[in-house]
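Same order as they appear, the protein sequences are chains A and B. The opening position of the first sequence corresponds to residue 0 in numbering that gives the first Met the number 0, with each subsequent residue numbered one higher. The opening position of the second sequence corresponds to residue 0 in numbering that gives the first Met the number 0, with each subsequent residue numbered one higher.
FYI, nobody ran anything at the bench for these hints, they're computed from the structure. Accuracy of the hints is not assured; some may be wrong.
[Stated by the list, open to error] Just some of the chain A residues that point at chain B, by a computed CB distance under 7 Å:
#1 Leu18
#2 His110
#3 Val174
[Stated by the list, open to error] Far from chain A, some chain B residues (derived; all Cβ distances over 10 Å):
#4 Ala40
#5 Arg129
#6 Thr161
#7 Gly280
#8 Asn306
Note that the structure is predicted; figures quoted are calculated from it, not measured. Idealized CB from N, CA, C, for every residue including glycine.
Spelled out, the chains give:
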Amino acid sequence: MFFIKNEMKLLIIEDERELSDSIVSYLNHEDYLCEQAFTFNEAIMKVNIYEYDCILLDLMLPGGNGLDILRHIKQQAPQTGVIIVSAKDSLSDKVEGLRIGADDYLPKPFHLPELNMRIFALLRCKCFTSNNTIQMGVLTIDLLGKKVLANNKPLNLTKSEYELLLFLIKNEHRVMSKSALAEHLSGDMADMLDDFNFVYAHIKNLKSKLAELGVTDCIKTYYGVGYQWVIEL
Amino acid sequence: MGNRIMRTLLSKTRIKFITCMTIVFMFSVPLFYLITKNFYAEDMMHIIESVEQGKGIPAIDLEQDIIAGIMIQFLLVFFVISLSFYITIRFIARHLWHPFDDTLRKTELFNIMQGKIPNFIETDIYEFKRLNNSLIKLMEKDSKTFRIQKEFSENASHELQTPLALMRSKLDLLIQEKMNEKQMLLVDDLYKLTMRMSHLNRNLLLLAKIDNEQYADQEEVDIMVLLSNLLLMYNVFHEHNIQVKNKQTFSTNTLRANPFLLECLLKNLVINAIRYSPSDGRIQILVQNHQLLISNFSIDNKPLDANKVFHRFSSDTIQKKGNGLGLAIVKSICDLHRWTVQYKFKDGKHNFIVIF
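The following block holds chain A by itself, in its conformation from the complex (with noise of 0.2 Å):
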């Protein structure tokens, strides 16, 4: 039992309860080992007692101020990732957080398949070891390169056919909706955006191109509204 996989540790610190456990509930289908933290001197405790590789950190805490765990985390390990959750959408906090050493800044409201994103793209820059390529079936993805193979045949996408690939792989078996992959794609431009139809342009676009390669039936539709890749391993 020891040597089957080497468990991602993922530190939540958020106050609001249920969102907390939403996040925990999505991430399940990830081989993480996931932990809450409620309040201030809960996540100070728990920093100092267990090794994390990530902790999500909401600043707004009851009993004190996020950035204070954060310079705590770099103080005791500072090898951790830390992806910074916050409703407090401002330059400020988001720069000063950088500043003392966070990894990321999410604001608040996101959609947890982008949160599931983001949390891979931090453990895979952390753990440098680990290989930079994603096999799935018979697609080859290199991350570092951003090239694709189907078949040992190069895909030919653009960058924002890519994203949408890697999105849909990383939150393999899970429906996402339009709007979440519209976020995705397209940063924070998507709230000035009214529509959400070049999703389903995109969408169309890769399933003709790995359709072209042979790989068939690996993106369902539901009904236009959610989409999921479905090819297993």
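Starting from the known structure of chain A, fit chain B onto it as the hints suggest.
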């Protein structure tokens, strides 16, 4: 300074006037003496001298002398009093009213947005002191209310982010369940709603932050670079024909601005143009010396209400696509940078002009 004796304006004026009159009288005493001696009392003295020497009364018109003397004295007194009045009104009153003048000037300049309460000059006049005190109290109260109100809208937006995040995450979990088409479409509607709410909330927050001057720092920004990055991103999502012309005669396109806000301004104007133009409509962006013009064809060929177009939630059109805050944000950003933004309707086109 603190323990100066307070006096009312009236008693202060009285004291000043009496002092002034006393001084003028004292200065005019030699004149009185001279005039009395040489004109009025001259003949009397002649008479007294003559009588003392036993010569008898000389033939002098006493009546005329007395009348002239009295008139001279009367005139002199009148002159002295008028002079004191004049000096009091012309110079002393100005000095006395100076604190009032200062208070008035500073009150006129007071701007609640800046919240800076002026320092009135010290005064020992009771009424002015009272006026200054009550004005300061009023201003402090106003500034405080204003600040609380500003902070409230910022805090309210912050507080809304958490339930919105919660709602979104629940939807992300809900969509994992087995659902039929009808249920799925309902979930999609809910997604759209949370999207709209979070967009609205973000914009309200941005407005509050601009008002609270949280974007004070400025740097040199190249507007063409910002614009082309923006359009590059846009082309992924829209197929509008957007023309950008640069008629700049200067070698650089830089201007002093907060980069985040300038990007916001451009974003909102471009989105607005895309949103409210026919699907095949051409959008023109023109960058000229210290001027940016964005124009798009109108859908219904009707001008917007130029007085209301920059107000929050003023949109009166039926096709409500945005959330009614985009142009208000543009206006706020322009106000902060002291730029002007105008709306003009010409040849069936909406034109938005920003003058930097």
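Hint check:
no., hint, result
1, Leu18, "holds, 5 Å"
2, His110, "holds, 6 Å"
3, Val174, "holds, 5 Å"
4, Ala40, "holds, 89 Å"
5, Arg129, "holds, 43 Å"
6, Thr161, "violated, 5 Å"
7, Gly280, "holds, 15 Å"
8, Asn306, "holds, 26 Å"
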